[in-house]
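Protein chains: 2
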Amino acid sequence: MRRLTLALDAMGGDFGPAVTMPAALQALVLYPQLELLLVGNPAAINPLLVKTDSILRKRLTVIPAESVITSDAKPSQAIRASRGTSMRVALELIKDGRAQACVSAGNTGALMGLAKLVLKPLDSIERPALMVVLPHQNQGKTVVLDLGANVACDGSMLAQFAVMGAVMAEQIMGVNNPRVALLNIGEEETKGLEPIQHAAALLREVPSIKYIGYLEANELLTGKTDVLVCDGFVGNVTLKTMEGVIRVFLSLLKSSGECGRQGLLMQWVKRWMKRRLIRQFGQLNPDQYNGACLIGLRGTVIKSHSAANQRAFTAAIEQAMQAVERQIPDRIGARLDAVLPKSD
Amino acid sequence: MRRLTLALDAMGGDFGPAVTMPAALQALVLYPQLELLLVGNPAAINPLLVKTDSILRKRLTVIPAESVITSDAKPSQAIRASRGTSMRVALELIKDGRAQACVSAGNTGALMGLAKLVLKPLDSIERPALMVVLPHQNQGKTVVLDLGANVACDGSMLAQFAVMGAVMAEQIMGVNNPRVALLNIGEEETKGLEPIQHAAALLREVPSIKYIGYLEANELLTGKTDVLVCDGFVGNVTLKTMEGVIRVFLSLLKSSGECGRQGLLMQWVKRWMKRRLIRQFGQLNPDQYNGACLIGLRGTVIKSHSAANQRAFTAAIEQAMQAVERQIPDRIGARLDAVLPKSD
Numbered sequence: 018m019r020r021l022t023l024a025l026d027a028m029g030g031d032f033g034p035a036v037t038m039p040a041a042l043q044a045l046v047l048y049p050q051l052e053l054l055l056v057g058n059p060a061a062i063n064p065l066l067v068k069t070d071s072i073l074r075k076r077l078t079v080i081p082a083e084s085v086i087t088s089d090a091k092p093s094q095a096i097r098a099s100r101g102t103s104m105r106v107a108l109e110l111i112k113d114g115r116a117q118a119c120v121s122a123g124n125t126g127a128l129m130g131l132a133k134l135v136l137k138p139l140d141s142i143e144r145p146a147l148m149v150v151l152p153h154q155n156q157g158k159t160v161v162l163d164l165g166a167n168v169a170c171d172g173s174m175l176a177q178f179a180v181m182g183a184v185m186a187e188q189i190m191g192v193n194n195p196r197v198a199l200l201n202i203g204e205e206e207t208k209g210l211e212p213i214q215h216a217a218a219l220l221r222e223v224p225s226i227k228y229i230g231y232l233e234a235n236e237l238l239t240g241k242t243d244v245l246v247c248d249g250f251v252g253n254v255t256l257k258t259m260e261g262v263i264r265v266f267l268s269l270l271k272s273s274g275e276c277g278r279q280g281l282l283m284q285w286v287k288r289w290m291k292r293r294l295i296r297q298f299g300q301l302n303p304d305q306y307n308g309a310c311l312i313g314l315r316g317t318v319i320k321s322h323s324a325a326n327q328r329a330f331t332a333a334i335e336q337a338m339q340a341v342e343r344q345i346p347d348r349i350g351a352r353l354d355a356v357l358p359k360s361d
Numbered sequence: 018m019r020r021l022t023l024a025l026d027a028m029g030g031d032f033g034p035a036v037t038m039p040a041a042l043q044a045l046v047l048y049p050q051l052e053l054l055l056v057g058n059p060a061a062i063n064p065l066l067v068k069t070d071s072i073l074r075k076r077l078t079v080i081p082a083e084s085v086i087t088s089d090a091k092p093s094q095a096i097r098a099s100r101g102t103s104m105r106v107a108l109e110l111i112k113d114g115r116a117q118a119c120v121s122a123g124n125t126g127a128l129m130g131l132a133k134l135v136l137k138p139l140d141s142i143e144r145p146a147l148m149v150v151l152p153h154q155n156q157g158k159t160v161v162l163d164l165g166a167n168v169a170c171d172g173s174m175l176a177q178f179a180v181m182g183a184v185m186a187e188q189i190m191g192v193n194n195p196r197v198a199l200l201n202i203g204e205e206e207t208k209g210l211e212p213i214q215h216a217a218a219l220l221r222e223v224p225s226i227k228y229i230g231y232l233e234a235n236e237l238l239t240g241k242t243d244v245l246v247c248d249g250f251v252g253n254v255t256l257k258t259m260e261g262v263i264r265v266f267l268s269l270l271k272s273s274g275e276c277g278r279q280g281l282l283m284q285w286v287k288r289w290m291k292r293r294l295i296r297q298f299g300q301l302n303p304d305q306y307n308g309a310c311l312i313g314l315r316g317t318v319i320k321s322h323s324a325a326n327q328r329a330f331t332a333a334i335e336q337a338m339q340a341v342e343r344q345i346p347d348r349i350g351a352r353l354d355a356v357l358p359k360s361d
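Chains as they are written, first to last, in my numbering: chain V, 18 to 361; chain B, 18 to 361.
To be clear, the hints were calculated from the coordinates, so they are not data collected in a lab.
Even for Gly, the Cβ is constructed at its ideal location relative to N, Cα and C.
Some hints here could point you the wrong way.
Stated by the list, open to error - Covered stretches of chain B, going by a simulated chain V footprint (3 or more residues, C-beta under 8 angstroms):
#	region
1	219–226
2	265–271
Said to hold, decoys possible - In silico BS3-like pairs for lysine-lysine, Cα to Cα no more than 27 angstroms straight-line:
#	chain 1	residue 1	chain 2	residue 2
3	B	K271	B	K291
4	V	K227	B	K91
5	V	K287	V	K271
6	B	K137	B	K112
7	V	K291	B	K291
8	V	K271	B	K112
9	V	K158	V	K291
10	B	K271	V	K271
11	B	K158	B	K291
12	V	K91	V	K112
13	V	K271	B	K291
14	B	K75	B	K112
15	B	K271	B	K287
16	B	K158	V	K158
17	V	K137	V	K112
18	B	K91	V	K241
19	V	K291	B	K271
20	B	K291	V	K287
21	V	K91	B	K287
22	B	K241	B	K158
23	V	K91	B	K227
24	V	K91	V	K137
25	B	K287	V	K291
26	B	K91	B	K137
27	B	K158	B	K227
28	B	K271	V	K241
29	B	K271	V	K287
30	V	K287	B	K287
31	V	K271	B	K287
32	V	K271	B	K241
33	V	K227	V	K241
34	V	K158	V	K227
35	V	K271	V	K291
36	B	K112	B	K91
37	V	K158	V	K75
38	V	K75	V	K112
39	B	K227	B	K241
With the hints as constraints, model all of the structure from the sequences given.
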């Protein structure tokens with residue numbers, strides 16, 4: 018089994034080490050090939066490790082970092098003052114060849130900017146994008162990007178995201194000639210904002226991309242496209258809307274039918290059926306697929322939801338492991354060279 | 018019982034009279050006080066009315082309109098060439114005092130522009146907005162706007178939407194001093210696009226508005242705010258994402274547990290539980306609350322989803338009836354005068 022080393026920004030996210038440490042330990046238990054570099058304040062991290070089994074302990078190293086970029090920091094300012102922060106040190110571990118990928122639940126804008134600064138974008142990519150692979154109704158999956166790395170996008174950025182998304186669908190999901198759509202508020206050509214219309218015009222001219230037009234947000238989970246492209250503001254809102262609705266459904270499901278006195282058999286059947294439904298819908302549970310991949314860089318960076326719980330942060334670590342195993346940056350780089358002209 | 022006359026754009030939407038006519042007849046059956054003016058091509062409408070009961074028939078009038086604005090028409094062009102279209106004739110019936118409100122499933126941009134042209138906005142309102150009242154997890158409701166009348170918005174437009182939304186929550190939902198939030202991709206002040214930050218600054222200066230800050234899209238159904246404000250592009254995407262996810266859930270629920278052979282009691286319990294869950298989630302079914310209200314005008318206009326089925330279009334007619342009964346334009350107008358300065 019090939020060893021795999023990840024750097025974790027232990028301080029990022031709403032809960033910091035209280036979530037990242039138990040998640041790290043859980044991942045070490047689950048994956049014997051995994052080694053972790055825990056970047057952050059040793060005074061906050063070490064107390065959470067005292068009870069750790071000595072064999073697990075050997076597979077983790079605490080890398081001290083003095084400070085942390087807060088989630089309310091303005092990205093431009095945070096980046097200027099980023100030396101020695103847990104996020105930056107974690108990214109530098111990739112650059113120095115000590116880690117193969119990094120996971121952070123910290124400030125999205127700062128992570129995007131710092132990753133670009135430290136790891137550099139691939140040739141012909143102006144701006145990296147945050148991508149997630151969502152399960153859809155018809156058993157398959159859909160690549161969705163950007164989810165918040167770029168709050169405002171012009172048409173050429175959206176077209177680049179489309180190309181990166183298509184490469185991901187091809188290389189990672191194994192889809193031949195994946196369908197690519199732009200998220201819009203109508204399917205007619207006249208609909209939407211100017212950057213979307215511009216991206217549509219650009220994509221129609223790329224012969225190697227199977228551009229299928231605009232798609233509306235109610236088609237998100239229907240599997241009508243393999244790749245769905247939007248700007249980071251809209252993508253973030255779409256993903257969070259979906260997550261919110263799913264959580265409401267799961268909580269309604271859990272609390273349903275809990276009134277009244279019923280026979281034992283009835284109670285048992287109901288519990289059985291609820292478990293079954295929760296499992297069925299569980300594949301849509303946001304905790305299962307937490308961890309968006311920042312693609313378009315010469316390195317692998319996974320952004321966890323800042324409010325992730327332990328289960329969700331472990332899922333983000335798993336995303337990072339998969340991204341490393343699938344050699345995402347190399348594959349995107351190789352395919353982009355064939356599709357897009359190099360930028361200067 | 019007070020008579021209530023609505024104009025229907027019979028030709029609008031993806032299905033035209035095939036949906037609008039059965040929905041109109043259903044509404045006439047349900048509401049004895051209702052009279053309908055069906056605006057459109059008599060050759061398309063009349064054949065669908067031949068079997069109509071003669072008593073119902075007396076409460077509907079076909080108003081001929083030669084042409085229809087298609088859903089792929091560019092709004093600016095469609096408005097220039099709008100004379101004699103079903104949408105415009107329906108709006109003119111309000112202006113002429115023959116109808117108290119109008120319902121259309123047609124082109125959103127054209128409806129917005131024509132409604133503004135024919136009915137005129139209220140004093141101090143630059144642009145009307147599409148609003149919907151969504152049920153939330155905690156039994157209450159949330160006013161959400163704009164849902165697509167204005168794809169791009171500046172800060173002052175968003176602030177006006179916030180004021181209109183607060184008036185709606187107060188006057189229609191009976192909420193005292195309603196909480197108002199802006200939809201954003203983070204709760205921190207530095208997050209999001211410039212128009213949202215500008216709107217936040219404006220709202221902090223309006224003492225009569227209880228502005229509570231930014232809210233993320235995963236809070237849409239949690240009841241943390243009474244009014245949620247966003248631009249029309251984002252609002253449309255949010256609403257449609259929600260609708261899409263809910264439809265996937267309802268269809269998973271309907272198809273769940275249909276494999277295998279089971280005893281009669283087990284089958285019965287499962288059916289009973291599924292019906293119960295579908296009813297519980299049914300309040301979130303998009304067909305139940307179809308019909309967004311175009312507010313900020315001197316008249317009542319309801320926009321139905323263009324893909325509405327008969328049940329959903331009937332719901333839009335019901336929305337129009339409620340809006341008339343609640344005298345929405347007058348109430349917004351009166352309250353706006355107190356809160357906002359008059360525009361020139």
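Taking the hints in turn, this is what the structure says about them:
1. 219–226: n = 0 at 8 angstroms, threshold three: violated.
2. 265–271: Holds: 5 residues of the region 265–271 of chain B have a Cβ under 8 angstroms from chain V.
3. B:K271 - B:K291: 7 angstroms, holds
4. V:K227 - B:K91: 26 angstroms, holds
5. V:K287 - V:K271: Holds. K287 of chain V to K271 of chain V sits at ~11 angstroms (cutoff 27 angstroms).
6. B:K137 - B:K112: 10 angstroms, holds
7. V:K291 - B:K291: 10 angstroms, holds
8. V:K271 - B:K112: 51 angstroms, violated
9. V:K158 - V:K291: 25 angstroms, holds
10. B:K271 - V:K271: Answer holds: K271 of chain B to K271 of chain V is near 17 angstroms, not above 27 angstroms.
11. B:K158 - B:K291: Within the cut-off at roughly 25 angstroms; holds.
12. V:K91 - V:K112: 24 angstroms, holds
13. V:K271 - B:K291: 13 angstroms, holds
14. B:K75 - B:K112: 23 angstroms, holds
15. B:K271 - B:K287: Judged against 27 angstroms, a Cα distance of about 11 angstroms means the pair holds.
16. B:K158 - V:K158: 33 angstroms, violated
17. V:K137 - V:K112: 10 angstroms, holds
18. B:K91 - V:K241: 26 angstroms, holds
19. V:K291 - B:K271: 14 angstroms, holds
20. B:K291 - V:K287: Holds. K291 of chain B to K287 of chain V sits at ~10 angstroms (cutoff 27 angstroms).
21. V:K91 - B:K287: 52 angstroms, violated
22. B:K241 - B:K158: Since the Cα atoms of K241 of chain B and K158 of chain B sit roughly 10 angstroms apart, the hinted pair holds (cutoff 27 angstroms).
23. V:K91 - B:K227: 26 angstroms, holds
24. V:K91 - V:K137: 21 angstroms, holds
25. B:K287 - V:K291: 10 angstroms, holds
26. B:K91 - B:K137: Roughly 21 angstroms between the alpha carbons, so the hint for K91 of chain B and K137 of chain B holds.
27. B:K158 - B:K227: 17 angstroms, holds
28. B:K271 - V:K241: 21 angstroms, holds
29. B:K271 - V:K287: Holds: K271 of chain B and K287 of chain V sit about 16 angstroms apart, inside 27 angstroms.
30. V:K287 - B:K287: Distance of about 8 angstroms is within 27 angstroms: holds.
31. V:K271 - B:K287: 16 angstroms, holds
32. V:K271 - B:K241: 21 angstroms, holds
33. V:K227 - V:K241: 13 angstroms, holds
34. V:K158 - V:K227: 17 angstroms, holds
35. V:K271 - V:K291: Cα-Cα ~7 angstroms, so holds.
36. B:K112 - B:K91: 24 angstroms, holds
37. V:K158 - V:K75: 37 angstroms, violated
38. V:K75 - V:K112: 23 angstroms, holds
39. B:K227 - B:K241: 13 angstroms, holds
In summary, the structure is inconsistent with hints 1, 8, 16, 21 and 37 from the numbered list given earlier, while agreeing with the others.
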